[in-house]
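Q: Residues per chain, in single letters:
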Amino acid sequence: MVRDQHQPGSHNVFPAVINTRSSRKSVSDRAFALLLFLPALVTLIVTTSAPLVYLAWTSAMRIDLSMPWRSGFAGVDNYVKMGADPRFWNSLWLTLVYTASTVVLQVTLGLSLALLVLRIPRGQAALRIAAILPLVLAPVVVGLFWRTLVLSPDVGLVDVVTRALGLGSHNWLGDPQLALISVIAIHTWQWTPFAFLVILASLSSLPPDVFEAARIDRANAWQRFRHITLPLIRPALVIVVIMRTMIALSAFAAIFAATGGGPGTATEILNLYAYRTSFSELNLGYGASLAVVLLAITLAVSLVMFRVRRAR
Amino acid sequence: MNSPDAPPPNPLAARGEREPSASETGEKPRARTAGRVSLRGIVKRHGSFTALHGVDLDIEPGEFFALLGPSGSGKTTTLRIIAGLEPHDAGRVLLDGDDVTAREPGERDVAMVFQSYALYPHMSVFDNIAFPLRMVGAPRDDIARAVRDAAAKVRIDHLLERRPGQLSGGQQQRCALARAIVRKPRLFLLDEPLSNLDAKLRLETRVELRKLQRALGVTAVYVTHDQEEAMTIADRLAIFMEGRIVQVGRPQEIFARPASALVAAFIGSPPMNLLPAEVRGGALHVAGITLPIERPLGGDGAVTLGVRPAALRIGTSGLPACVELVEHMGDTTIVDLDVAGTPMKLRTDQAPAVREGDEVRVSFAAAAMHLFERDGGARRDP
Amino acid sequence: MPRRVRTLILVALAALLLAVWAFPVLWALLTSFKTERDVLAYPPTLIFEPTLRNYRDVLFGSASLLPNLASSIIVAGVSTLATLLLAIPAAYALARLEFPGRRVSGFYILATQMLPPVGLIIPYYLVLQKAGALDTYWGLIVIYLTFSLPFAIWLMVSYFEDVPREMEEAALLDRAGRVRALWYVILPQVRGGIAVTTIFVFLNAWNEFLFAVVLGGNRVRPVTVAMFNFISVEQTLWAKLAAGAMLAMAPVILLGLLAQRHIVKGLTVGAVKGARR
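Protein chains in written order, with my numbering: chain A, 1 to 312; chain B, 1001 to 1382; chain C, 2001 to 2277.
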């Protein structure tokens, strides 16, 4: 790293130095940095990116473990087939509905609850503990809980309540329409506490003097909320939306445990469709192509979200 | 007594103190040959922005040398380059004649006191001070002795078992100092060490720092943006502006002969008054009047006239001025004036008999006048 | 609206919240002590004769959960350890050191966090099947790293960034050198962050299902998969399921309750800090 040391105008009596501190120090520091960083990076590349390449390759194959004589290279056949596959479009639609509704519900509920809880400083400790419980449970266990203890016809909690209220008994998970709602409810139940906790923390950290100034400027509660609170907690809201969207796109265990994707395909989001195709129907090539599409969608959505986040 | 161009009084002299001699402190003064710092052509860039444009500096062993300048002028960057914490793009750093440009910070035998003190919060005060000695593998007994010595010198030896979080701001600062002096380095670097202290503590600690440095005899390089601080404790100082050193010298010299209008406007409380003026035909034309000056003024041209607030007098002749505000500071009074559109300040020990709104005339002695080129601000010495 | 009434409404709402979130677990706990017959009683009984039979069956019976608990411990424990060993140095390098490709690597790590697991499960299944490595501990541990590692790095980076640079510089000037500065000065500062990261990584690994069900088998079957033992076409063994679920979730619930302050801090720190970047 040779630099021209002869600056015009400086009375530089000393000759050009190749060995400036920048160059010598960098080499040993960089080696140290890479030594610390590379093991993790290499592990990640080997465990995530290499398999993805294989996934893309598989999606261009026809792998039918139930009818192995039909396996072979398929090119873009799988994708063409997908375009005409109504079950695929159904799963896409369900994914959209599921993701959008769970995220909106979580944020709205989380925000409302956080605003309410702010006014009860003494209740906050107990509520934080209660909020932790759904978050630490395994989604698959949550799905099973709800399927058996909560949503079962006759014995489940919800049914007991609706029967007591005179609304009758329903097959919450067996009825195609109700199933989607139930599954959305399960996801929302489990993950709203996350939005709640994050937004509560953000709200608690807001400086009170801004609100006092607004009060003196005669802003009412709604105006204070809209013009001061919301903008100030925007970063937390954005993070919650981004994270919950990513989770909703790849949600699997809870739905699998509660409905398995059914009844029929009533709750079969793209995630589950890919799984069922690959491991129930053993059609791995097509399943891989579905997974690739899901990957592409996730990537696109995250890019859009980060762009939006940075733009503002 | 208080001549207009006199520098601010040395607080040590004012208190009737003198530098403690070696026999008094029981400390052998270090041979004043170690701790010479030289910077040659230091350039630092941040992308397209140049933070330092070729800085050259020589600091004598045992000096208390201040790097003074407004925020962003490059003084802290320079200090960190001397410490080896900041890579630079060109130039060399020499300590005692050795080129240390390529050496790691730990290998330069340099100690630093950070603005935030950078104490290790999870260690006791004792462990904090002992840390540098532990790192070089000194024997346990030596470490214990050296730590107690250093702590005693800054008077925190009763706090050794506490954690930094349990100390007051002033005590933390002294802990940071102790950690620096325990290694007996050849050079101290101090990055605005007093800026986190309240005003009164700052003034007291200033004096203590200076006395400590004298007792140890170690070269100290001290960064500050407070010109009064630099002027009172430094042996010599370098004034930084926009990545360049614009003047180097002893406080008295800089006060008496600022090298440029910018320096003049920076030094002094309140700083020097500056007015646009013109030299024509051997006379000074300023604020609409002509002042016949019995002093060679140099060639004709546009100039900036500089006069210190303490050099102005309210009288019957001189520049026309309107009194805007009279600030009574107790034993001094500052009068804010408007001289043909330019604000000026006058400082006096006697309460002037003027009120706001009065039209007065201000004058000054020829010897108290500073002239700078209008273009570029360089000092004009005919 | 008078203050008293408003507070009352708020408290009622808060109590409702508590109930909604805590109830299912409490209800499952209750159910686990009932006999199968009591479970099916309507109206549901709160007062009954509790029995430990379910737990006995679930732990020591023919379909004992003990091997599954062992699987979970091994897979979650080892993957957490491996994650920490890899992630902590990497996060420090990312947060504090300069090296070529630093920014790109940062984005890459963020991107891998967004991968839908189903995208990974297919190639892993094919490769492991060919290698005969299905139903092994290593297979699971390796794939668990794909979600643990980026997450752990991301969390630890924010903790490392919180350590003031000057502290590290002071240590360097004190002749500690980079390695000792890291060990003696910086790591002690991020102790809390390491604890939070460990908790989260372990929690996620313990709760993992998809990878476990596809790549595991009869030998390696974590508790999350074993839950389905209690459900078959003929009948659901309610009480046993409740007991099994309580056992399976006991570690994470305990962890959650004990470390709840850490967890809340970790959630909010990670999220709110992420917003700043």
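Mixed in with the good hints, there may be bad ones.
Label pairs and their in silico Cβ distance ranges [claimed, not checked]:
1) A:Ala100 with C:Leu2008: 30 to 38 Å
2) A:Leu118 with C:Leu2110: 28 to 36 Å
3) C:Val2005 with A:Ser204: 32 to 40 Å
4) B:Asp1338 with A:Glu212: 36 to 44 Å
5) B:Pro1270 with C:Leu2097: 31 to 39 Å
6) B:Pro1276 with C:Pro2188: 53 to 61 Å
7) B:Asp1338 with A:Leu115: 36 to 44 Å
Because the hints were derived from the structure by calculation, they are not lab data. Idealized CB from N, CA, C, for every residue including glycine.
Q: For each hint, tell me whether it holds in the structure or not.
A: Status of each hint after checking the structure:
no. : hint                                 : result
1   : A:Ala100 with C:Leu2008: 30 to 38 Å  : holds (35 Å)
2   : A:Leu118 with C:Leu2110: 28 to 36 Å  : holds (32 Å)
3   : C:Val2005 with A:Ser204: 32 to 40 Å  : violated (25 Å)
4   : B:Asp1338 with A:Glu212: 36 to 44 Å  : holds (40 Å)
5   : B:Pro1270 with C:Leu2097: 31 to 39 Å : violated (47 Å)
6   : B:Pro1276 with C:Pro2188: 53 to 61 Å : holds (60 Å)
7   : B:Asp1338 with A:Leu115: 36 to 44 Å  : violated (55 Å)
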